[in-house]
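So you can see what is in the structure, the chains are spelled out below.
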Amino acid sequence: MDADKTAWEQRSVARVVSPVEPRKLAKVPFVELADGRLQGVVSSGSDIERVYVSSITAGTHALSCSTNNNRPCGALHGYACKHIRMLADEAVVQYGLDRVARYLRVEVPEGGHLMHVITGHVERTPAAVVFSRFLRHLAYLEVPDSTEPLAELHWFPATGAVR
Amino acid sequence: MLDVQLSELLGDAPAGVGEALDLVAGFDGALTHGLARIGEEPAAALAALAGALAGSPIGERVAEAVEKVTAGSVADEHLAALAGARAALFGAVHDALLTRLDTALGRTRAPWPPASNPAGDSADGPATADGSAGGSSNEAAGGGAGVPDNLLAGCRVWLRELAIVGWRGVDHDLVSAADQTIEALLAVPELRGLAVLLDGLAAELRASSPVATMDRLPARRWADLWTRAMLLSQHGPWHAGGPGAERAAGAGGPGGAELVSGRLLILGADVHEHATVVRVQIHAVLEPAGGGPARLVRASMAAAKVDTIVGPTVWKLLRDQPVLLSALAQHRSVEITDMRLLPGGDLVWENHRARAAEESDPFATARVQLAAATPPPVTPLDRHPVRIAEPVLVEGYKCDGQSVDLGGNKLPLDLDRLPSCGPLTPALLKASTACIGLVRWDGGQWSLQPLAVQASVKKQPVAAHNGDWALGPTDPKVAKAEAKNGDVVAVLRERAGRLLRK
Chain A
1 MDADKTAWEQ RSVARVVSPV EPRKLAKVPF VELADGRLQG VVSSGSDIER VYVSSITAGT
61 HALSCSTNNN RPCGALHGYA CKHIRMLADE AVVQYGLDRV ARYLRVEVPE GGHLMHVITG
121 HVERTPAAVV FSRFLRHLAY LEVPDSTEPL AELHWFPATG AVR
Chain B
1 MLDVQLSELL GDAPAGVGEA LDLVAGFDGA LTHGLARIGE EPAAALAALA GALAGSPIGE
61 RVAEAVEKVT AGSVADEHLA ALAGARAALF GAVHDALLTR LDTALGRTRA PWPPASNPAG
121 DSADGPATAD GSAGGSSNEA AGGGAGVPDN LLAGCRVWLR ELAIVGWRGV DHDLVSAADQ
181 TIEALLAVPE LRGLAVLLDG LAAELRASSP VATMDRLPAR RWADLWTRAM LLSQHGPWHA
241 GGPGAERAAG AGGPGGAELV SGRLLILGAD VHEHATVVRV QIHAVLEPAG GGPARLVRAS
301 MAAAKVDTIV GPTVWKLLRD QPVLLSALAQ HRSVEITDMR LLPGGDLVWE NHRARAAEES
361 DPFATARVQL AAATPPPVTP LDRHPVRIAE PVLVEGYKCD GQSVDLGGNK LPLDLDRLPS
421 CGPLTPALLK ASTACIGLVR WDGGQWSLQP LAVQASVKKQ PVAAHNGDWA LGPTDPKVAK
481 AEAKNGDVVA VLRERAGRLL RK
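In order, the protein sequences belong to chains A and B. Just so we're aligned: 99 in the working numbering is position 99 of the first sequence, and the numbers increase by one with no gaps anywhere. Just so we're aligned: 378 in the working numbering is position 378 of the second sequence, and the numbers increase by one with no gaps anywhere.
Okay, chain A solo, but in the shape it has when bound:
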């Protein structure tokens, strides 16, 4: 084991971040495990201009949901609204249940559902930070292509053909 560890530590190319699984993005375009929260953006079902910023805090499992303009979600009182449930479902697709549960520090029984064991209270967190991270995420799609050699990318091979 120690020899393996040393060998891994002395590689230039080593996998540090696992790639995420593909999923539908139509309803929940953005999910991340960051800032000590499972957080993301859920598109409104009724208003194409509106999005909800939803989150579950690691450890305390506090729930938050509001529009990007900081209006509290009307459906969040006492238990998770559908935005938070959709966020949780998509996070499980994207990262796998193990990784999400580990990040939130929660035990999900074999065959169980993540939201069945999330029993946090409501605690509003500001939407602005997550929303601006979402905008930054979207801005990548507007960065121009490049045909330069970019030798740096030899440190970042595409991986993951597990079929």
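Treat the hints with care, as some may be off.
List time: in silico SDA-like cross-link candidates among lysine to any residue, alpha-carbon distance up to 25 Å [to be verified]: (1) Lys410(B) <-> Val13(A); (2) Lys316(B) <-> Ala26(A); (3) Lys484(B) <-> Thr425(B); (4) Lys484(B) <-> Val13(A); (5) Lys82(A) <-> His121(A); (6) Lys24(A) <-> Asp442(B); (7) Lys316(B) <-> Val143(A); (8) Lys316(B) <-> Val17(A); (9) Lys5(A) <-> Gly486(B); (10) Lys24(A) <-> Asp307(B); (11) Lys410(B) <-> Thr159(A); (12) Lys5(A) <-> Gly443(B); (13) Lys82(A) <-> Asn485(B); (14) Lys480(B) <-> Pro22(A); (15) Lys484(B) <-> Ile48(A); (16) Lys27(A) <-> Gly112(A); (17) Lys316(B) <-> Pro22(A); (18) Lys5(A) <-> Lys484(B); (19) Lys477(B) <-> Val129(A); (20) Lys24(A) <-> Gly443(B); (21) Lys24(A) <-> Val489(B); (22) Lys484(B) <-> Met86(A); (23) Lys477(B) <-> Thr159(A); (24) Lys24(A) <-> Arg133(A); (25) Lys27(A) <-> Val478(B); (26) Lys27(A) <-> Val13(A); (27) Lys477(B) <-> Val489(B); (28) Lys5(A) <-> Pro375(B); (29) Lys410(B) <-> Gly160(A); (30) Lys27(A) <-> Leu10(B); (31) Lys5(A) <-> Leu10(B); (32) Lys484(B) <-> His121(A); (33) Lys24(A) <-> Pro293(B); (34) Lys24(A) <-> Leu499(B).
From the structure, some residues in chain B lie toward chain A, with a derived Cβ separation under 7 Å [unchecked claim]: (35) Gly193; (36) Glu204; (37) Arg220; (38) Val271; (39) Val306; (40) Arg319.
Simulated from the structure, these hints should not be mistaken for lab results. Just so it is clear, CB atoms sit at the ideal spot from N, CA and C, and this is done for glycine as well.
Position chain B against the provided structure of chain A, taking the given hints into account.
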């Protein structure tokens, strides 16, 4: 590649490689714990580094940097000198390994063109010990005029903080401190390499934060990335490229580019990716128009992306390069006219200077033309073993699924490098009879990264290439799985269009 060639490649490591890597490991240990308070062991490691570089052109600078840093004074110029020292060691290791590979394969590499830049210093010469000009001022003339000072300074500030606290001291706040700089870097074409490098490093540090709780950390890898970023954060001729660069006028354009025309015969596609970038690098044989020896060249196309765009969907981001995509998917050669070719063997691709031509089987190219094609010299700053990626054809081997066996010599297959955007699988490799791949070196050993295979499946011959799905997956199961998720690129572009410009 023949069994005698493989046997020669796998012989004892070239002299001095082990010693050089020990020095690197010592430096990496110092960077792990941080330069704020240097203990006895890191101090000895840094002193050994300075000792090893003493006879080189940067010897004095490195010695001074080690002295100051050990005494607790960590200035930009000292960190640049340390990065230069580490890069010089890897440059030497790279040269020894590549010479071994070229000798084994019987390939004669073209020489690096002599410096034509009157201001060109160490970065333009093939014989210098390193690619770093050192120093943090604007002294290195000849390129990068359009690169904003404040951006490079911003990078150096962050890299300095990382060096001071060490990997063990990295937390979320320190990682987030780089966000704005990276965003600004992405907007400057000349700094794209630095941008994707720092973005990749920051993502790994973010996912690992707080790093102090990790039971093992990728010390070599992160120090590699830190070193490369530190060098690219200095002003120098390495920023001369970019689409804004003037086109070469005869000899000696920006970065010493020449204009080439001829027929390009594709060997295979190497795919690079992290959460926010995908890049396809094509290895090919160029038959110059008007005769002349065939040359090994590369062509690259990169696009920014987000983590949820994965698998075969990444090809949709490269639609601005229809000629290359169709050449990959349909196994065609490409006619190019007046395309810029950088001295390191990289074509700077422009779609309108290319035209897809007749069908051409990469295995035929590999069998008939690969061995005689002249490989390009290596750009001085890029001399690091990680970039060794020499295309070879291997056939007549036994394969146990983990390595290819040529006359008793085993070359491990790099199965981690089979991209999810292509059809190659470990099972296909195991059933393979011939393979076009890249010879690579990492962690002290050689390996073969497959780009294409010919295999026998249910007694039928099949062939699969990394670029086969460039115009969409040809495997109905894969196409169906992709369709199930809808058009994720279109969904995100719609959201961007609606939300970004408010």
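Numbers of unmet hints, in rising order: Those not satisfied are hints 4, 6, 9, 18, 19, 20, 26, 28, 30, 32, 33, 40.
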